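Guided by the hints, dock chain G onto chain H, whose structure is given.
Single-letter residue listing:
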Amino acid sequence: MTAPVVLEETTAESAALTVVRARHPGRWITGAAVAVLLAMAGNALVTNPAWDWPVVGEYLFHPSVLHAVLFTVELTALGIALGFLLGTVLALMRLSRVPLLASVAWGYVWLFRSVPLILQLLFWYNLAALYKQISFGVPFGPAFLSVGTMDLIGPVTAAALGLALHQAAYAAEIVRGGFLSVDPGQLEAAAALGIPRARQILRIQLPQAMRSIVPAAGNEIIGLVKGTSVVYIMALPELFYQVQVIYNRTGRVIAMLLVAAIWYLVLTTVLSVGQYYVERRFGRGLARPGPSARMRRLRRALAVRRAAPRRGGEGGPR
Amino acid sequence: MSGEFMVDVRGVHKSYGPLEVLRGVDLRVRPGEVTVIIGPSGSGKSTLLRGINHLEKIDRGYIAIDGEFVGYRRSGNRLHELKEREILRRRTHIGFVFQNFNLFPHLTVRQNVTEAPISAQRRPRDEVEALAAELLEQVGLSGKADAYPRQLSGGQQQRVAIARALALRPKVVLFDEPTSALDPELVGEVLEVMKALARGGTTMIVVTHEIGFAREVADTVAFMDAGRIVEQGPPPRVLDRPEHDRTRAFLGRVL
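Protein chains in written order, with this note's numbering: chain H, 2 to 319; chain G, -19 to 235.
So that you can see chain H by itself, here it is in the shape it has in the complex:
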């Protein structure tokens, strides 16, 4: 009917039309409400003297606390490095064509995932009570070298070993999952090209498996940073044990727990940032963008601010 005419008018006028964005008053109201709640929480943290902020400041960089942080980092590093090394071996055993190897790996994962970590640690701690001597020699035959268990496995070794063996069970499943996530066509192509077996695993499968291993491994590392706190039962001076020692002496419980919490936050933050870069490294050649778009936006925002210090700050609604 009149449609053609209308169409013509619209095209003629369209140059002069401006677009008015829809308003979202609801977003502003919820935003404001959350801001008020945040301010209240912040106020409650800062103004309540029971939080003992001066004491937190006093002990945050106290040498004994710093040593404990270092020890926690060491335990984590050992646990993760040894755990993933053994875990990778277990995963390859599990995927191997030798049935006994696969069963042994399965049995290991079953056992070490089933027994609580704290129990495992106490077993290792008390290993000397079970076996006084550890001998190296012919299986079931004569021994060439015998060492007292106490000398070989002290509390620190027991803790690191306990964490690593426990971690290995989880790492094995993560690594195995990573290998299973690689398209079988990749291995077929590598085999068709005659690429040697070890090279197929290291050059073709592993880098692709890493894409799904890294996020899960990041979880595990962050979990272990905090998980190291269970070794306090062995009276080892890691972060959690150390702050307990201090507050048992000074009675400033809340402040010392805050000190520990702040350090755990710092450690996990550093690890999260590290994970972002590792993931980006293994995401090479893949169209899907890296893990955290928020991280990129943050970096871009910081770069803009550095380039134009006066302008980027406000960040109005978008």
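No lab work stands behind these hints, which were simulated from the structure alone.
From a predicted model like this one, the values you see are computed outputs, not experimental measurements.
One or more of the hints may lead you astray.
As the list claims (entries may be wrong) - A short, non-exhaustive set of chain H residues, derived as facing chain G with CB atoms under 10 Å: (1) 194; (2) 196; (3) 236.
Where a beta carbon is used, it is the ideal one built from N, C-alpha and C, also for glycine.
Positioned in the frame of chain H, the structure of chain G alone reads:
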């Protein structure tokens, strides 16, 4: 066995459980010849091709490339299966191009092409990289050496896969439905590269549904159905004057 045939397939049988996929296949390809295998899906074409480079183990019969068994060593009347290392070494004589390309997504185009010659054949890197540049130019992708596979179209990826197969300097190149995963407008560029190879004297076995390609390029067309080669011969004879009803029925459906 003599050097007369580059590929010599005799009496090959293969079953998956109760399902017989190959039921006595004979196929001979002379050096420099192009053989195109056509046939309905499930007829055993791909299994045969994968048997030739021992990606599938055959149950009976034998397959030889240039007088050498791929997966076995003969002593007297027995065929001993070889160790994986030796099978991998012999596979480098055979190029294989997959339907889904199977390029390594985390490696650049150049690394995809140079990986196997360096790690499997232990040829010097300089020589292999020069060859890779040459091959990429040959398939029309000289500008893409540093791109990653995902940044390329399907047709470009398949051309990289062809260059990767050729980098081994294989005695024969096997193509397993190389254009079936491609958008129709990209099929032509891949077929052009394959035609150029055929003209250059590469020995090829191609499983495909592209009857036009078979007609133009093949020295021999083999029609497979239900695990057997029903008939084979020069393209005009098999494609235009097929002797068997099954061939006629198949061609009637695809042409």
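Hints, verified against the model:
1. Given hint, residue 194(H) at the interface with chain G, holds; its Cβ is 4 Å from that chain's nearest Cβ, closer than 10 Å.
2. The closest approach between the C-beta of residue 196(H) and any C-beta of chain G is roughly 5 Å, which is under the 10 Å cut-off, so the hint is satisfied.
3. For residue 236(H), the shortest C-beta to C-beta distance to chain G is roughly 46 Å, which exceeds 10 Å, and the interface hint is violated.
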